[in-house]
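*Asks:* First residue of the sequence shown? That's 1 in this note's numbering, and the numbers climb one at a time after it.
The hints are simulated quantities; they were obtained by calculation from the structure and are not laboratory data.
Quantities reported herein were computed from a predicted structural model and do not represent experimental measurements.
Beta carbons: idealized from backbone N, C-alpha and C, even for Gly.
One or more of the hints may lead you astray.
Simulated restraints on C-beta separations [said to hold, decoys possible]: (1) E153 x F61: 58 to 64 Å; (2) G7 x K140: 32 to 38 Å; (3) Q221 x I68: 46 to 52 Å; (4) T63 x R32: 42 to 48 Å; (5) F18 x F67: 17 to 23 Å.
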Amino acid sequence: MSRLTLGNVVKVTLVVLFFYFVVLLVLLIGIRRKKPKVILEGALYVALFIAAFSIPSDSGFSTAAAFIGLGTMAVSAVRGYMLRDLWLHRRGRGRQPDITVQANVPSQPVDPSYAAPTVPARDDLSSALAWVASLAKHSKNQLPADAYVIVLETCQTLDAVIDAETRQPSGDARFEYELAAVVREYLPAVLRGYLAIPPSMVGNRQPNGRTPNEELVEQLQLLSGQAEALHSSRHSHTSAELTSTGNFLRERFGHHQRDGFDFGIK
């Protein structure tokens, strides 16, 4: 998106008109956006500038001090441009963007009877999950370390569930819908939502008091818990089926004598 907005034009015009005070630019940006590191950097530029021009003109260091002062102004101007994401917003964004990772995870399980979803084929789920894992690995340097680990662990859990469904379908439409929603909708939405945020803003506090980094980790933990629930549900169903089969076999063949065809079943 373009940065050519009326507000940005006014800001740049003020910087040009008051260029003699450009050494204050980085400090003002840091104070406005509450960035401690930027504030310290800006304060350093101001301190160097004041120190340089505090040296008497008849001193032997006056020429060097003048170059240092002018150089500090130039460096501050360049750094102000590099920090443009903090004060020259792109068109369509407000003064302080409310950037929160949204996973659109419903608070209540979705009832497929009224949503009428189309559950993708299991092979498609495997491809979708592989895409999520590939995206996470490709963006490893952009993701918080703990978030990256959670994504990979969640993918491993979901892969085990998909593999079990492929080998022996449960036939549970609700279960299949929840599995497809996590793999194809919720998990990709969380990752893409976070990666769309400029790296310089992932540490900004939002109105809810959390940073996008914190939101990402929390939402991934929720999805990890849902993946574990699906895994447990799937294998509980398998265990129940095995028990039912065992009950049938014991009833069907348990009365045979050991010298008969009892297959070793008591």
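*Asks:* Which of the listed hints are not met by the structure?
*Replies:* 4
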